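Visitor: Two chains, two separate frames, one set of hints: put the complex together.
Heads up: the sequence lines are chains A and B, in that order. Quick note on full-length UniProt numbering: the first sequence kicks off at 1 and runs consecutively. Quick note on full-length UniProt numbering: the second sequence kicks off at 1 and runs consecutively.
No wet-lab data here; the hints were simulated from the structure. It should be emphasised that the depicted structure is a prediction, and the values quoted were computed from it without experimental measurement.
In silico lysine to any residue, SDA-like type, Cα no more than 25 angstroms apart, as pairs: (1) A:105 with A:181; (2) A:148 with B:52; (3) A:203 with B:18; (4) B:68 with B:271; (5) A:105 with B:25; (6) B:169 with B:91; (7) A:105 with B:11; (8) B:135 with A:28; (9) A:105 with B:8; (10) B:102 with A:8; (11) B:135 with A:257; (12) B:51 with B:272; (13) B:102 with B:91; (14) B:106 with B:172; (15) B:169 with B:191; (16) A:105 with B:27; (17) A:148 with B:49; (18) B:51 with A:114; (19) B:102 with B:151; (20) B:169 with A:14.
Short, incomplete list of chain B residues facing chain A, as computed with Cβ under 7 angstroms: (21) 24; (22) 28; (23) 126; (24) 132; (25) 133; (26) 152; (27) 213; (28) 229; (29) 237; (30) 268; (31) 269; (32) 272; (33) 276.
Yeah, the Cβ is synthetic: ideal placement off N, Cα and C, and Gly gets one too.
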Amino acid sequence: MTGKRLKREYPLHLLVLPSFVLALLFSYGPIFGLVLAFKDFSVVKGFGRSPWNGFDNFDYMFQLPDIWQVVGNTVYISAMKIVAGLIVPITVALLLNEVTKNVFKRWVQTLIYLPHFLSWIILGGILIDILSPTSGIVNQFLGVFGVKPIFFLGSNAWFPGVLVASDVWKEFGFSTIVYLAALTGINPALYEAAVIDGATRWKQTLHITLPGMTPVIVLLATLSLGNVLNAGFDQVFNLYSAQVYDSGDIIDTLVYRLGIEQAQYSLATAVGLMKSGVSVLLISSSYYLAYRLANYRIF
Amino acid sequence: MVHSSTLPGRLFRAANAFFLLALALLCLFPLVNVLAVSFSSSTAASAGMVKLWPVGFNLASYRFVLQKPEFMRALFISLERVSLGTAVNMLLTVTLAYPLAKESVKFRGRTFYVWFFVLTMLVSGGLIPWYMVIKSAGLLDSIWALILPGAVNVYNAVLLLNFFRGLPKELEEAAFVDGAGHWTILWRIFVPLSMPALATLILFTMVGHWNSWFDGMILMNTPEHYPLQSYLQTVVISHDLSLVTMSDASSLAEVSDRTMKSAQIFLAALPILCVYPFLQRFFIKGVVLGSVKE
Chain A
1 MTGKRLKREY
11 PLHLLVLPSF
21 VLALLFSYGP
31 IFGLVLAFKD
41 FSVVKGFGRS
51 PWNGFDNFDY
61 MFQLPDIWQV
71 VGNTVYISAM
81 KIVAGLIVPI
91 TVALLLNEVT
101 KNVFKRWVQT
111 LIYLPHFLSW
121 IILGGILIDI
131 LSPTSGIVNQ
141 FLGVFGVKPI
151 FFLGSNAWFP
161 GVLVASDVWK
171 EFGFSTIVYL
181 AALTGINPAL
191 YEAAVIDGAT
201 RWKQTLHITL
211 PGMTPVIVLL
221 ATLSLGNVLN
231 AGFDQVFNLY
241 SAQVYDSGDI
251 IDTLVYRLGI
261 EQAQYSLATA
271 VGLMKSGVSV
281 LLISSSYYLA
291 YRLANYRIF
Chain B
1 MVHSSTLPGR
11 LFRAANAFFL
21 LALALLCLFP
31 LVNVLAVSFS
41 SSTAASAGMV
51 KLWPVGFNLA
61 SYRFVLQKPE
71 FMRALFISLE
81 RVSLGTAVNM
91 LLTVTLAYPL
101 AKESVKFRGR
111 TFYVWFFVLT
121 MLVSGGLIPW
131 YMVIKSAGLL
141 DSIWALILPG
151 AVNVYNAVLL
161 LNFFRGLPKE
171 LEEAAFVDGA
181 GHWTILWRIF
191 VPLSMPALAT
201 LILFTMVGHW
211 NSWFDGMILM
221 NTPEHYPLQS
231 YLQTVVISHD
241 LSLVTMSDAS
251 SLAEVSDRTM
261 KSAQIFLAAL
271 PILCVYPFLQ
281 RFFIKGVVLG
291 SVKE
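Here chain B stands alone, though its shape is the one from the complex (with noise of 0.2 angstroms):
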């Protein structure tokens, strides 16, 4: 690309960077104030006072919050939700990569299977009879209703697929006149040069199971089996807004505790921003991975 070096262009340039500067200023500022709010006293935070950076600093409601047995047995639940459904979902991805990025004149049953799995995508029976399905499974209240409802992820499996479509023929049918199966060849062969597709759905799949929250509010009878979002949604979401005039609304959020919610708020972001910086480098590629075909 080609910049010019007048003053108009340094001017714009300058703008430019002013602009960009300020916008991504914007994203942050709202997670800073709220973890300023989290590190300050209770007093500073219901008064207002804090901005940007914590007024009478200090640590105790994240203590108060790291006692909590509510806290630590929701966060426990999201991290076994986010371990077992992850390799769960990764499981059931392969395997039906696998098979789906066949021709269909080597796998007669293909036509059949990529009708019936798109279909998932197009039609849903919405949320009564989700409920009801899950329900009669007897699945509520175990940590296998918010694991095996969702294991399925056609788009992942179609993103996943076009990878393996990528790959050389060659090795494949090489393995085959060695007298390799399917089965090692999926594990041996297509697994292994997929890693950076895989390191990809991988870290989305984790993020998507951290994040889901609707489905631990609607299917677990039991605050106490409530992952760490639905407890927050209790928590720091008040709906009883509804029940009380606008004066007594805006004084309710200020006697509720304003810190111990934002020192919750960011306790639950904290591991997506751990991860979401390495996102950016596979992510590209993921994107790019389901919108290019031969």
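Just chain A, same shape as in the assembly (with noise of 0.2 angstroms):
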């Protein structure tokens, strides 16, 4: 008996085995990693040698003077950044909605999808030139109005603004099209028996589509609520400098400067760590919370 399905299953177990074997190592090598956190590590010595430190690397890690203000910055952005990221693409998927020429509905979703497939790297090329207090488009606009030449990426006051705003401008396109599509979903007849009772458009709207649209919001809203550490990496990376650090500075990039530049491998560790335990908090109960509210499962 054992041996007849272990011959019908041992197809199925050697497709899964490379990517187990990927996984194991790519995965749960870095899991188990984290060990570094409570080492001394040294180069030296090796990853097997150096010795135990318990949790020295995450006292000095609280006594870092701006720890908190990252800490602060990372979540303040990214609060910032899920907000932001559900007003407008729902907004602009009604406005859409309310569109009868198909042609020019579907040139508008065409464009406005476009930047979220360019990497941060070409919208950070382009961001940086057009930002720029002296020959960037931007300025040079607001110079028609009598503006003085604003430092975008250079001042604290304005750079989590530009972050927010550009993310916003990288990825409303793309929500936009997954609410649209939660819209095609809507029975056709809610509308025509609202408009034999007399409903406005802005009755229609208010009273079917936006309770069509709802699983999905509080879908996509709870599974945001994953990301609050996440405050953007690649976008952060590309745009700031030492001058913004006091707004802009996350933990990523912090933790890349700790361990990557000045090369403090157990410190890193222990800040990423500290982020991974949170996060996994965060997105096991976003997950949660989606399977209560939207009965919405992985698998």
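Guide: Here you go:
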């Protein structure tokens, strides 16, 4: 019996095997590598022979002068992104839904989701160019109205705003399409019935369209909770400079500087471990919430 | 849907169309501006005269970039990465999705594997341990460092798994009766029937590989091995702003060859610009694919 099952199932195990080995090495390997956080790692002694040092790295981490500033920046930036990233696409989806000419609708959709597919290297390069205080087109445009040149990427007052705005610019088109896909699932008979009852377009939007979108909105909102500690490394790293560390330095960029630039491996791992730990809690509870509220399952 | 033809209704629709058009152009303008700068003379570009149309049209910057050995080398590494990486990714996605699409009764190991792979989506070791593992695997400075660590994409496998589950069970059963094994069924029945889903995943994987820059920057010891986006990171995005004062920083941006940077940005965006309009047709299916379950 067992032999027969083994014979029937072993090809399936074989199919999983390559993925299993790679995931074991490159996903589970780094998880076990987290023990670095409890060691005083030195490249000379290597991974195994570096001495344990308990929670010293964590003590040191909490003594870093700007650690709470960095945590605050991270949460602030990502929270703003989550809120703006919900409101803007929902609004645009509702507006696009009112468009009757399909050709126009398709063109708008195609243009607004373009930035989603470009990397932050490309977009960062573009933003640095157009936001330049001297030759950038944005400051030239503002100059027409007598506004003095603003160093958007070099001032702590502007930097978080630029991060949120450019993130919305990159992603709103793509999210809009997800919401529009949800709208196509609404039964047209509901609208016909509403018109007979004398409902205006506004009333229809309020009482049919929005409730029809609610499940998707709830789902995406809860899933985004898991990202509260991810303020967007790719974006920040390519836009920030030491001038805006006060407002723009986030956990991931701090880990990068500590670990890769300054080679403080153990300390950087400790900071990363704290982040991973909190993230796991956030992601698990967001999946749980999504399951309870929207009946969403990964499998 | 029913639309009113009253005056307020028509006014709203006109204003709405105008607003959406403005929004769409807002997404396009920065790219058009960079394109215009890349075709302009360097004096016009430095003087900030270029808006949405080239001033002093010329191709000098493109001629320069396309003759630059560093740029071409990085471009070829990127092409190698995209083709090799997409092939490996898709092979693993297909071979992982098939067994996991089986019911637990038919494949006893399934529950264990599902947890094993889902956990990798929830927990990660973070930057430093990730780097150390790849280093001790001896992959640093090799193209495989850009391909193997991210080769198992569990999210894509889940999308495909759900697609597989939607295929008629009778086909598989009939093939079994005729004596086909799992391997044959996968490649002769499941894969051909899943072409729409696979096309979506292939395009997304290609775009992902093309756009990746961080791993190239960290895992390649020598800039000669950088793929295009990592190379651009060093060229276009200057980090040394921290060392100079504000007035220096702004004059620096001008003496550095602005048109050349613009040309490189545009060339790196070009493949995406060519491919992405075709993504729309597919990716709506892809998005729905993941969200709808029986």
